[in-house]
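Undergrad: Order-wise, the sequence lines are chains A and B.
Per our numbering, the first sequence starts with residue 1, numbered consecutively.
Per our numbering, the second sequence starts with residue 1, numbered consecutively.
In short, the hints are calculated from the structure, not lab data.
Remember, predicted model here, so these are calculated numbers, not experimental data.
You may find that some hints are simply not true.
Chain B side only, calculated, beta carbon under 10 Å to chain A, not exhaustive [unchecked claim]: (1) Thr3; (2) Ile8; (3) Leu11; (4) Leu40; (5) Phe41; (6) Phe64; (7) Ala117; (8) Leu125; (9) Phe128; (10) Val191; (11) Val192; (12) Arg197.
Anything over 10 Å on all C-beta distances counts as not near chain B; from chain A, calculated [claimed, not checked]: (13) Ala36; (14) Gly49; (15) Ile60; (16) Ser61.
In this text, a Cβ means the ideal position worked out from N, Cα and C, and glycines have one as well.
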Amino acid sequence: MPPDDFMVRRLRISGILVIFGLLIEAFCLVWSRPIAFVVLVTLGGALIGLGVVFFLHSLISAPPHTTDSPGISLHKQ
Amino acid sequence: MPTIAVVILALFSALLAGVLVVRPAITVSRAGKILAFGVLFFLPLFSLAVGMENEMQRSKSTAFCLSCHIMESYGKSLHVDDPSYLAAAHYQNHRVPADEACYTCHTNYAMFGSFKAKLGGLRHLYVFYLKKMPLPEDIKLHEPFNNRECLHCHLGARSFEQGATHNADPDTLPAVKANKLSCISSGCHDVVHNVGRWGNNVKFWDGGS
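Next up, chain A with everything else stripped away, as it sits in the complex (with noise of 0.2 Å):
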């Protein structure tokens, strides 16, 4: 898999892992009961913990860049 393209699928899982434990975060805010909190910690934060896990899993484990083309990677170029 070229470097791009594997740092913009990760990019995107990533973002999508965070961007349902973000929904699930602001409605267990707006749902007030006590499972909510619970909902929260356990699912939300599984969910924006793992998006975090797996995008800076994913700056450390980058193919080197070879071509001046889209995504993050530390290595130079």
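With chain A's structure known, arrange chain B on it following the hints.
TA: Leaving out everything else, chain B in the frame of chain A:
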């Protein structure tokens, strides 16, 4: 931070993350990389922390505790029009904050007290959703009520330290302070909520809600 502000923050963060998902090419620039780091690392974690803090604060509110059907009669007990009812007297006279009445008395004023109170709350949720719920009058405390929770406010107060009954016997106050003589289960202040034992003559105060 108000709940609506936290909700807006979470939705705004989700919107920015959505922009990254739709257009990942913006991360090619330096500003895009910074944006990606903020949107996929800083903002979600900040939003989650603020959201959890908001929920923690809300979980201390009287309305939160009374939002479960099984607690309704305990909420009603705060309005009993009889000063001998300990919970009602504290609530109606603002000896505890009216909006955090349950939490103020039922938290643990020791290290990790709030944490233990939250664990107790999780246990309530477990029973509420997964076990057979007891009748309101059958609900018991997890452990005997520690005088420390009363003394957190009353220790040093003139009415407590110089009260006639408290000083009738010189051994009483030291025993109370050492948690050897319970405030609520030694026959002194034992009428607390008394749910299920109100009888037909009990009246309710309609203020304070």
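Undergrad: Each hint: holds or not?
TA: Structure-based check of each hint:
Against a cut-off of 10 Å between C-beta atoms, the interface hint on threonine 3 of chain B holds, since the closest Cβ of chain A lies about 5 Å away. With 10 Å as the threshold, the beta carbon of isoleucine 8 of chain B comes within range of chain A, its nearest partner Cβ sitting at about 9 Å, so the hint holds. Given the 10 Å rule on beta carbons, the hint for leucine 11 of chain B holds: about 5 Å separates it from the nearest Cβ of chain A. Because the closest C-beta pair between leucine 40 of chain B and chain A is about 4 Å apart, less than 10 Å, the hint holds.
A hinted interface residue such as phenylalanine 41 of chain B counts as satisfied when its beta carbon comes closer than 10 Å to some beta carbon of chain A; here the least separation is about 6 Å, so the hint holds. Checking phenylalanine 64 of chain B against chain A: minimum C-beta separation of about 7 Å stays under 10 Å; hint holds. Restraint check, alanine 117 of chain B versus chain A: the minimum CB separation of about 13 Å is more than 10 Å; hint violated. Because the closest C-beta pair between leucine 125 of chain B and chain A is about 6 Å apart, less than 10 Å, the hint holds.
A least Cβ separation of about 8 Å between phenylalanine 128 of chain B and chain A falls short of the 10 Å threshold, and the interface hint therefore holds. Against a cut-off of 10 Å between C-beta atoms, the interface hint on valine 191 of chain B is violated, since the closest Cβ of chain A lies about 28 Å away. Interface hint status for valine 192 of chain B: violated, as the beta-carbon distance to the closest one in chain A is roughly 22 Å, over 10 Å. Of the supplied interface hints, the one on arginine 197 of chain B is violated, with its beta-carbon coming no nearer than about 26 Å to a beta-carbon of chain A, more than 10 Å.
The Cβ of alanine 36 of chain A does not lie farther than 10 Å from every Cβ of chain B; its closest approach is about 7 Å, which violates its non-interface assignment. With 10 Å as the threshold on Cβ separation, the claim that glycine 49 of chain A sits away from chain B is violated: the shortest Cβ distance comes to roughly 8 Å. At roughly 13 Å from the closest C-beta of chain B, the C-beta of isoleucine 60 of chain A stays outside 10 Å, upholding its exclusion from the interface. The beta carbon of serine 61 of chain A sits about 15 Å from the closest Cβ of chain B, which is more than 10 Å, so the claim that it is off the interface holds.
Of the numbered hints given earlier, the model fails hints 7, 10, 11, 12, 13, 14; all others are met.
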